[in-house]
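Novice: The lines below spell out each chain.
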Amino acid sequence: MTDLTKLTMTGALEGLAKGEFTSVELTEAHVRAVEASRALNAYITETPDQAIAMSERADAQRAKGEAGPMNGLPIAVKDLFCTAGFQTTAGSHILEGFKPPYESTVTANLWRDGAVMLGKVNLDEFAMGSSNVTSYFGPVISPWSPGVLVQRDAAETDAGFLAEVTAAIRQPRPVQEWQWSRKLVPGGSSGGSAAAVAARCAMAATGTDTGGSIRQPASFVGIVGIKPTYGRCSRWGIVSFASSLDQAGPMTRTVADAALMLGSMCGYDPKDSTSVDMPVPDFKAALTGDIRGLKVGIPKEYRVDGMPAEIEKLWQQGIDWLRAAGAEPVEISLPHTKYALATYYIVAPAECSSNLARYDGVRFGLRVEGGDLKEMYENTRAEGFGAEVKRRIMIGTYVLSAGYYDAYYRKAQQVRTRIAQDFEEAFKLCDVILTPTAPSTAFEIGANMDDPIAMYLNDVFTVPASLAGLPGISVPAGLASDGLPLGLQILGRPFDEATVLKVAGVVESAADFTALPPFVSARY
Amino acid sequence: MSLDKATVAKIAHLARIKVPEADQEHLAGELSNILNFVEQLNEVDTVGVQPMTSVAPHKLRRRPDAVTDGGVRDAVLLNAPETAEGFFVVPKVVE
Amino acid sequence: MTSVIEGTSLIQGETGNWEVVIGLEVHAQVVSNAKLFSGASAQFGAEPNTQVSFVDAAFPGMLPVINEYCVEQAVRTGLGLKAQINLFSVFDRKNYFYADLPSGYQISQFQQPIVGKGEIVLDMPDGSSRTVGVTRLHLEMDAGKSLHDQHPSKTYVDLNRSGVALMEIVSEPDMRSAEEAAAYVRKLRAILRYLGTCDGNMEEGSMRCDVNVSVRRPGGPLGTRTETKNVNSIRYVQMAIEYETRRQIEVLEEGGTIVQETRLWDTTKFVTRSMRSKEEAHDYRYFPDPDLLPLELEQDWVDAIKATLPELPDEKKARFISDYKLSPYDAGVLVAERASAAFYETVAKGRDPKLAANWTMGELFGALNKQGKGIDQSPVSAENLGGLIDLISDNTISGRIAKDVFAEMVETGKPAALIVEEKGLRQVTDTGAIDSAIAGVLAANPDKVADYKGGKEKLFGFFVGQVMKQTQGKANPALVNELLTKKLKE
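Chains as they are written, first to last, in the numbering used here: chain A, 92 to 615; chain B, 37 to 131; chain C, 22 to 511.
Keep in mind that the hints are not guaranteed to be accurate.
[Said to hold, decoys possible] PhoX-like mimics (lysine-lysine), calculated; alpha carbons at most 25 Å apart, straight line:
1. A:Lys404 <-> A:Lys386
2. B:Lys54 <-> C:Lys115
3. C:Lys346 <-> C:Lys327
4. C:Lys469 <-> C:Lys510
5. B:Lys54 <-> C:Lys175
6. A:Lys362 <-> C:Lys115
7. C:Lys435 <-> C:Lys394
8. C:Lys490 <-> B:Lys46
9. C:Lys469 <-> C:Lys490
10. C:Lys250 <-> A:Lys465
11. A:Lys465 <-> C:Lys115
12. C:Lys115 <-> B:Lys128
[What the hints assert, rightly or not] Stretch-level coverage of chain A by chain B, calculated; a stretch enters the list once three of its residues show a Cβ under 8 Å from a Cβ in chain B:
13. 123-136
14. 287-301
15. 360-366
[Claimed, not checked] Pair by pair, the computed Cβ-Cβ distance ranges are:
16. A:Ala478 <-> C:Ala328: 38 to 48 Å
17. A:Ala478 <-> C:Ser295: 51 to 61 Å
18. C:Thr283 <-> A:Ala144: 25 to 35 Å
19. B:Glu118 <-> C:Val25: 28 to 38 Å
20. A:Ala144 <-> C:Ala328: 53 to 63 Å
21. A:Gly462 <-> C:Ser295: 33 to 43 Å
22. C:Asn54 <-> A:Lys190: 55 to 65 Å
It should be emphasised that the hints constitute simulated quantities derived from the structure, not laboratory data. Keep in mind that this is a model prediction, so the values were computed, not measured. By construction, the Cβ of each residue, glycine as well, lies at the ideal position given by its N, Cα and C atoms.
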């Protein structure tokens with residue numbers, strides 16, 4: 092692994108500007124890193140040829156003095172963003188092989204600004220999950236999983252013709268292979284994005300966040316992830332999960348990189364009725380580090396039962412850091428916090444049950460034949476969707492059905508109004524809110540599988556802001572006693588990503604998080 | 037709230053997902069657990085509270101009445117499992 | 022056996038009288054260039070799937086954006102129905118699976134439609150009027166089209182119509198006969214055409230009716246209703262109601278009960294029948310579409326549309342009655358279409374309005390009917406018809422000759438005056454010429470003159486006829502009468 096993969100995007104831009112290396116070189120280094128990281132199963136589709144072609148174009152643009160803000164930076168794209176001519180699966184069998192004839196607005200914005208696509212990364216099926224284990228393309232393994240890199244002779248396991256050939260020439264073929272003592276989840280649903288960025292096989296990645304799908308995995312793998320305000324990034328061309336909650340955002344290794352990439356991703360899109368027509372501020376300019384006099388809300392309801400003491404401790408650490416930087420912590424109350432998860436698990440499944448009706452085997456994706464149209468639908472959807480997706484579609488179908496709408500869906504949307512009002516009240520007393528991102532560190536693949544509710548609890552701190560549409564960021568703040576990263580979450584007022592990023596920058600400086608995942612440190 | 041097998045079968049039918057009878061019992065249990073979990077919302081007083089329709093702060097924008105799209109039949113049919121003579125093709129529907 | 026009781030809308034059954042209660046849901050395609058939520062063309066009749074965007078085909082990640090003009094058209098229609106315009110309305114998803122519904126839901130308006138209560142005044146054939154309530158009007162997208170006859174075991178799907186804007190206009194159950202229902206559809210169509218919000222072309226499916234019918238004992242509680250879907254002509258609306266009324270009365274009189282169900286109008290057997298495929302319980306799971314926000318309108322915007330509304334049939338009819346002194350029936354016929362009303366007004370301008378009405382409704386509409394043409398394809402222009410009436414009024418030609426001239430006008434499209442000149446049809450008012458014709462006729466029929474003078478006064482008509490014949494019909498009839506009377510008295 093070369094030094095180029097160690098760079099942040101902000102750092103790489105300087106090198107590119109000074110001509111220390113080209114985008115082609117930077118991209119090639121990352122293409123090799125992608126190949127070397129296949130054991131993580133972070134990528135569903137690698138697009139090395141496209142990456143090189145785009146990096147050549149980026150270099151040419153830079154040579155002409157037309158370098159965009161993301162010029163030449165190789166990134167990964169969550170496989171929920173439609174990419175013209177490149178398979179887009181949403182992590183589902185039902186979309187396997189689907190090649191959209193169009194490009195999502197967010198990715199188009201990134202390519203416009205010169206970014207380079209390394210490939211499409213893994214995710215929970217249709218972004219439904221908190222561990223990336225529901226993907227049809229297999230779980231993603233966190234680069235933080237404890238393990239050792241071992242060398243063995245590939246020839247020993249070759250079979251058939253190849254075995255005869257290797258035996259004949261008696262040449263050992265050494266390969267490096269990871270042996271994990273525990274396989275940990277990278278979080279989800281943007282698990283492939285998180286793993287790729289943490290494992291240095293992408294400088295950054297796009298993510299999407301419906302109930303925490305950017306922030307929770309960012310916390311699990313020790314990177315930065317920001318979900319902007321609902322309406323900042325266009326949803327056009329992103330496979331929908333829950334329309335009123337879905338929002339795209341960047342996953343990067345530093346706050347400065349997040350500010351850079353967010354600036355490229357967002358912007359008004361007339362093709363999305365929920366996209367907001369508002370100027371995009373210069374987010375990087377907001378990173379002054381000056382938070383003197385800023386009021387930081389500490390919601391008392393986030394001290395949930397059973398939260399590990401070290402998370403509580405880290406949270407206090409965060410409060411202390413911000414106070415030391417001149418901010419003023421204030422206790423606030425978000426009284427309906429405890430109802431956020433239940434609200435979310437009605438609203439999101441209801442929307443998804445309708446959004447996913449279009450996967451019917453008629454116009455794209457999988458079709459499993461049946462005797463008549465109805466049977467074809469039922470076979471296709473039974474085989475095409477995984478267990479979690481089916482569960483959510485069925486819950487959503489139930490809560491919208493005749494006789495239950497008022498008791499479930501309408502009630503949940505009323506509670507959602509209450510939750511949003513809680514935040515409105517709170518922001519009269521403070522400028523940002525500081526909380527832990529997740530109630531635990533990463534867990535083992537396979538844990539929580541038999542209990543959907545236990546899995547849902549991962550999102551307890553991230554879901555309320557999603558329901559209210561507020562911007563939120565997760566910044567790595569330290570390692571827990573199990574050696575795994577923990578993040579702190581900063582929430583802001585609607586469309587005040589700038590302040591959120593500024594405070595995140597202060598946490599980042601204070602935390603000085605430099606730990607590398609074993610998967611990376613073993614290679615450097 | 038506890039769902040029975042018949043309700044699971046009804047939901048599965050509405051959602052057009054084939055659920056073998058052998059799986060209905062298990063699924064009924066899982067779905068019931070989730071419904072029990074969300075029922076805590078009944079504790080919240082929502083009398084007179086408007087249900088949220090969108091968190092977006094603006095009014096619905098309207099576009100001008102101009103033909104700006106369509107005419108892309110090949111692209112529209114490109115990913116379809118079955119087509120003929122410019123149509124999508126599905127198993128026969130009997131009305 | 023059932024029969025309608027004369028002078029009422031009640032129906033005589035085996036066991037007593039019945040009353041039919043009818044409500045209509047009309048789906049009217051909005052006149053617009055592009056679809057409701059996508060930029061694809063809304064035009065009728067294109068090659069399959071050529072007017073389809075990825076939004077209409079519900080591709081992953083595609084989102085709806087509403088067409089402003091379609092909203093304007095719905096508001097305009099609401100104003101035309103004197104209805105309440107809701108400044109806040111909501112788009113909901115109506116969820117169901119069907120091959121021609123790509124997204125698996127139709128975007129419609131359920132609890133909060135854009136237009137609330139309004140009314141339509143029916144013009145009945147006997148000249149009376151009756152007011153029918155409009156419950157609501159909402160905007161929704163059309164589905165695509167399934168073709169079941171292209172292949173023995175396959176259904177073909179064309180999404181050209183998918184996403185085209187429709188207005189669903191729901192009436193109160195205020196109608197009590199098939200005739201009223203027909204008058205309702207006719208009037209609604211007239212209003213939509215006046216407003217230019219729907220072309221009302223039922224053959225192309227741009228207007229379709231769902232007919233709700235129930236029967237009850239007069240004054241009794243409402244019966245169970247059936248809904249007959251997609252009836253696509255006014256005649257069929259009437260036939261379907263008549264059939265359904267008879268069927269329901271027979272079922273009830275035989276001790277049966279009416280099942281609330283969706284039925285289909287069979288256009289070959291002229292019966293309604295139960296739609297077996299739709300019998301399974303529907304549960305549309307309506308909820309607000311999270312891809313769209315509530316539709317909020319400004320009162321100023323609505324007022325600006327109101328200011329541009331054309332004069333509508335009811336106002337025009339009232340004006341025709343008061344300004345032109347027409348009967349309510351004649352006025353109703355003339356205003357049924359905006360174009361015929363305009364035609365009439367051109368003809369009537371500066372002329373005898375009654376004469377203008379007679380010629381427009383009698384001769385012209387008769388000729389157009391015979392040729393199967395609309396008023397906009399009339400071979401006789403309004404100016405030319407006016408010219409013909411002028412020639413009658415100034416005695417250039419007689420009413421009798423005018424009919425021949427009109428026939429020639431229909432044939433050639435030429436102005437009346439030109440035909441009269443070319444054919445020398447100018448009325449003879451020269452008393453000398455008429456006198457000599459009379460002298461000739463009397464001289465040729467001395468026996469009849471004697472009979473007349475002997476008391477057979479009926480022979481007067483014979484002499485008039487002979488004189489007209491002599492003058493090729495051109496003699497002024499009044500003058501012939503006058504001179505002939507004088508001559509015969511001599």
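Novice: Hint by hint, say whether it matches the structure.
Specialist: Outcome of the hint check:
1. A:Lys404 <-> A:Lys386: holds (20 Å)
2. B:Lys54 <-> C:Lys115: holds (22 Å)
3. C:Lys346 <-> C:Lys327: violated (29 Å)
4. C:Lys469 <-> C:Lys510: holds (14 Å)
5. B:Lys54 <-> C:Lys175: Distance ~22 Å between Lys54 of chain B and Lys175 of chain C Cα, so the pair holds.
6. A:Lys362 <-> C:Lys115: Holds: Lys362 of chain A and Lys115 of chain C sit about 22 Å apart, inside 25 Å.
7. C:Lys435 <-> C:Lys394: The hint holds at about 18 Å.
8. C:Lys490 <-> B:Lys46: violated (87 Å)
9. C:Lys469 <-> C:Lys490: holds (17 Å)
10. C:Lys250 <-> A:Lys465: OK: Lys250 of chain C and Lys465 of chain A at ~22 Å, within 25 Å.
11. A:Lys465 <-> C:Lys115: With Cα atoms ~18 Å apart, Lys465 of chain A and Lys115 of chain C stay inside 25 Å; holds.
12. C:Lys115 <-> B:Lys128: Holds, at roughly 24 Å.
13. 123-136: Violated - the segment 123-136 of chain A has 0 residues with a Cβ nearer than 8 Å to chain B, which falls short of three.
14. 287-301: With 0 residues close enough to chain B, the hint is violated.
15. 360-366: As far as the segment 360-366 of chain A goes, the hint holds, because 3 residues have Cβ atoms under 8 Å from chain B.
16. A:Ala478 <-> C:Ala328: 38 to 48 Å: violated (59 Å)
17. A:Ala478 <-> C:Ser295: 51 to 61 Å: violated (39 Å)
18. C:Thr283 <-> A:Ala144: 25 to 35 Å: Violated: the Cβ-Cβ distance is about 56 Å, outside 25 to 35 Å.
19. B:Glu118 <-> C:Val25: 28 to 38 Å: violated (53 Å)
20. A:Ala144 <-> C:Ala328: 53 to 63 Å: holds (57 Å)
21. A:Gly462 <-> C:Ser295: 33 to 43 Å: violated (23 Å)
22. C:Asn54 <-> A:Lys190: 55 to 65 Å: violated (31 Å)
Violated hints, in rising order: 3, 8, 13, 14, 16, 17, 18, 19, 21 and 22; the structure is consistent with all others.
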